[in-house]
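Student: Please take these sequences and the hints and turn them into a complete structure.
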Amino acid sequence: MNNILVVEDEDILREVIMDYLMEDGYRVLEAADGEKALELFQSNSVDLVILDIVLPKLDGWSVCCRIRKNSTIPIIILTARSDEDDSLLGYELGADDYLIKPYSPRILMAKVRRFLEKYSGTMDGMLLSAGGISINMRSRLVSVDGNIISLTHTEFEILAYLMQNEGIVITREQLIAKIWGYDFYGDEKTVNSHMRNLRAKLGSKGSCIVTVIRSGYKFEKELL
Numbered sequence: 003m004n005n006i007l008v009v010e011d012e013d014i015l016r017e018v019i020m021d022y023l024m025e026d027g028y029r030v031l032e033a034a035d036g037e038k039a040l041e042l043f044q045s046n047s048v049d050l051v052i053l054d055i056v057l058p059k060l061d062g063w064s065v066c067c068r069i070r071k072n073s074t075i076p077i078i079i080l081t082a083r084s085d086e087d088d089s090l091l092g093y094e095l096g097a098d099d100y101l102i103k104p105y106s107p108r109i110l111m112a113k114v115r116r117f118l119e120k121y122s123g124t125m126d127g128m129l130l131s132a133g134g135i136s137i138n139m140r141s142r143l144v145s146v147d148g149n150i151i152s153l154t155h156t157e158f159e160i161l162a163y164l165m166q167n168e169g170i171v172i173t174r175e176q177l178i179a180k181i182w183g184y185d186f187y188g189d190e191k192t193v194n195s196h197m198r199n200l201r202a203k204l205g206s207k208g209s210c211i212v213t214v215i216r217s218g219y220k221f222e223k224e225l226l
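So the number in this note's numbering is just where the residue sits in the sequence shown, counting from 1, plus 2.
Check each hint, because a few of them may be wrong.
Cross-link-like lysine-lysine pairs, in silico, PhoX-like; alpha carbons within 20 Å at most [stated by the list, open to error]:
(1) K71 x K203
(2) K220 x K180
(3) K38 x K59
(4) K220 x K203
(5) K180 x K191
(6) K220 x K207
(7) K38 x K71
(8) K203 x K191
(9) K207 x K223
(10) K220 x K191
(11) K223 x K203
None of these hints come from the bench; they were simulated from the model.
Tutor: Below, the structure written as structure tokens:
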């Protein structure tokens, strides 16, 4: 049974989310403020976080940053803000997806199921290695020249997908369908933000992810 941490200061909304999750068979932990959220995260095994931004005591941005220092689990941001800069900031801080209130609980549940299916490791035990970059699909560890680096869930999925299709151009549409699903509500800027963060974390090896103008991306180890 997957453990999901719901961080939302609006009692009614938090209860609605919890009801949907429990109906799907998930175990739910709840927090109404940022400090309680971190306390629960540190004292429990959590598989996914649903995180509101505007919270008492400690805001969602800070919670997201602190979780990302120690974990790659999926984080879905919930917010009433529709500003594009806010959504990009969420991705840059390590969020994997973003829903603007009001949203459909069914869409939220679909995203939860999709992330957890990916996180469970359908390619259990598989190793990918090219040009100094190594991925262990079971442990979800990524190393560059033998040094472990920390990636978000989405960054991990993007890198693995590109490495599995080495030398093949992956269009932005294919990438969105594979990583986020067909119910994705973002745009190309979301993809660009994740790709920029991923390349930065790969350091000098970031050049292995090649942008193909007006097409998409491909992984080329020969360029490393």
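Student: Next step is simple, just say for each hint if it's right about the structure.
Tutor: The hints, checked one at a time:
1. As the CA atoms of K71 and K203 are separated by approximately 13 Å, the hinted pair is consistent with the 20 Å bound.
2. Simply put, K220 and K180 have alpha-carbon atoms about 15 Å apart, close enough for the 20 Å limit, and the pair holds.
3. Straight-line distance between C-alpha atoms of K38 and K59 comes to about 9 Å, which keeps the hinted pair within the 20 Å bound.
4. Restraint check: the Cα-Cα separation between K220 and K203 comes to about 17 Å, which is no more than 20 Å; the hinted pair holds.
5. About 17 Å separates the Cα atoms of K180 and K191, which keeps this hinted pair within 20 Å; it holds.
6. Distance hint between K220 and K207 is fulfilled; the C-alpha atoms sit about 14 Å from each other, no more than 20 Å.
7. Among the hinted pairs, K38 with K71 is consistent with the structure: their alpha-carbon atoms are about 17 Å apart, no more than 20 Å.
8. Under the criterion of a C-alpha separation no larger than 20 Å, the hint pairing K203 with K191 is consistent with the structure, at around 18 Å.
9. Annotation: proposed proximity of K207 to K223 holds, straight-line Cα distance about 9 Å (limit 20 Å).
10. Distance restraint check for K220 and K191: the Cα-Cα separation of roughly 18 Å lies within the 20 Å cut-off, and the hinted pair is therefore satisfied.
11. For the hint pairing K223 with K203, the CA-to-CA distance comes to about 16 Å; that is within 20 Å, so the pair holds.
In this structure, none of the earlier numbered hints is contradicted; all agree with it.
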